[in-house]
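As they're listed, the protein sequences go chains A and U. Read left to right, the first sequence gives residues 0 to 87 (numbering that gives the first Met the number 0). Read left to right, the second sequence gives residues 0 to 289 (numbering that gives the first Met the number 0).
If you're looking for bench data, these hints aren't it; they were derived computationally from the structure. Bear in mind the structure is a predicted one, so any value in this text is a computation, not a measurement. The beta-carbon is built from N, C-alpha and C at its ideal position, and this holds for glycine as well. Just to be clear, a hint being listed does not mean it is correct.
[To be verified] Taking lysine to aspartate or glutamate and the EDC-like style, the derived pairs with C-alpha atoms no more than 16 angstroms apart in a straight line are:
(1) K73/U <-> E79/A
(2) K37/U <-> E79/A
(3) K2/A <-> E60/A
(4) K73/U <-> D82/A
(5) K2/A <-> D82/A
(6) K38/U <-> E60/A
[Claimed, not checked] Reference listing, derived: stretches of chain U covered by chain A, where coverage requires no fewer than 3 residues with Cβ under 8 angstroms from a Cβ of chain A:
(7) 8–16
(8) 39–47
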Amino acid sequence: MEKSAGNLTKQDVLVRVSDDTSPLHIEIKSSVSELYGRAHKVVAEGEFKRLNVSNGSVWIEDNQALDFVIRARIRAAVYELRDSGAEI
Amino acid sequence: MRSYLYCPGNNPKMIINAGLYGADGLVFDLEDAVAPEKKQEARILLSQAFSEQIVPVEKSVVRINGPESDLWEKDLKELIPAGVRVIRIPKVEHPNQVQEISGVIERIESENAVTSGAVVLQCILETPLGVENVFLIGDSSSRICSFSFGAEDYCNALGIQRGQDLLPLDYPRSRIASAAAAFGYSAYDTVWGFLDDETGLKADSVRAKSLGFVGKSLIHPDQIDIVNKVFSPTSEELADARSIFEKAGLTDGGATAVNGRMVDRPVLQRAEKTIRLAEEYGVQVSKDDK
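Looking at chain A on its own, in the form it has when it is part of the complex:
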């Protein structure tokens, strides 16, 4: 099962999360990845850790979002997934 939150408008981010059982894998695509790719990864990993998510696949497409947006969209996608009955 896969759920998403956010979109690709300016300063937003599209986060897609699926509940497969493999260890958490995060892929990030961003026009500013050279500058902020590592920082985005740290933000995303921190949020998944805070939400106690250790498995699943994550695709993040960033359009110059601030950190608070990344955190919010991750949380929304995870909640959507949990609301659908997924164990993540």
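Since the structure of chain A is provided, determine the placement of chain U on it from the hints.
Positioned in the frame of chain A, the structure of chain U alone reads:
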């Protein structure tokens, strides 16, 4: 607050920029501006923006989903722990709706170590029933701090067009402003939806001010300057207030005459208020009015 700028609650760019335009207050909207399938992600986005203080928390309000929906409680549970302290409730029609919401807020405050009573309410009256019940609604909770008028739904209910003719809205506006004054609340006027009509915006604002409103809700940053100006004391009003205050202050406190007009306690109080507002909003007396 003279101007309350609405901002869609699920748009990061607008949320980030909302505080830059000079509105006195901001209303982040979870109701009409958010599609039904996006309610949860908007709620979470706003919660994150408040908790990380991306928005100017002290002048920000959140319009939650209406009492008739099954969403308002989720909104409150997410937003109050994040630091939201002013909640705008749309489509209030009955006192028991406010009481129910107040009860839930009480519980959330308690569960999250928020000072009891710290969360206050702005009620929007936007239906004929809400307008008629405004005095009962005003007495329903000690959390209420203001009333707002919502003209679009009100006009829909009556089957009338919103436009240049301001007269049809005098009745609900007067009733709401009067009720607000009776309870010591502020009254905020409805939005003006015709973005290209600045003359209409000004006339609409002047009318609302004349009926007792202290400010207005807005849907575009371009409307801020006009509305702030209308709801500020004018240079002439300030000069007049100072003259009254200075000359009446020389008497023993009873009624007196200043510039050919009777000045008694209510007039003096009004002059004081004008001077205070002028100071708050940076209004000066121009050379012509000295």
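Hint check results:
1. K73/U <-> E79/A: It holds: about 14 angstroms lies between the C-alpha atoms, which stays within 16 angstroms.
2. K37/U <-> E79/A: Distance of about 11 angstroms is within 16 angstroms: holds.
3. K2/A <-> E60/A: 14 angstroms, holds
4. K73/U <-> D82/A: 14 angstroms, holds
5. K2/A <-> D82/A: 10 angstroms, holds
6. K38/U <-> E60/A: 21 angstroms, violated
7. 8–16: It holds: at least three residues are needed, and the region 8–16 of chain U offers 4 whose Cβ sits within less than 8 angstroms of chain A.
8. 39–47: holds (count 6)
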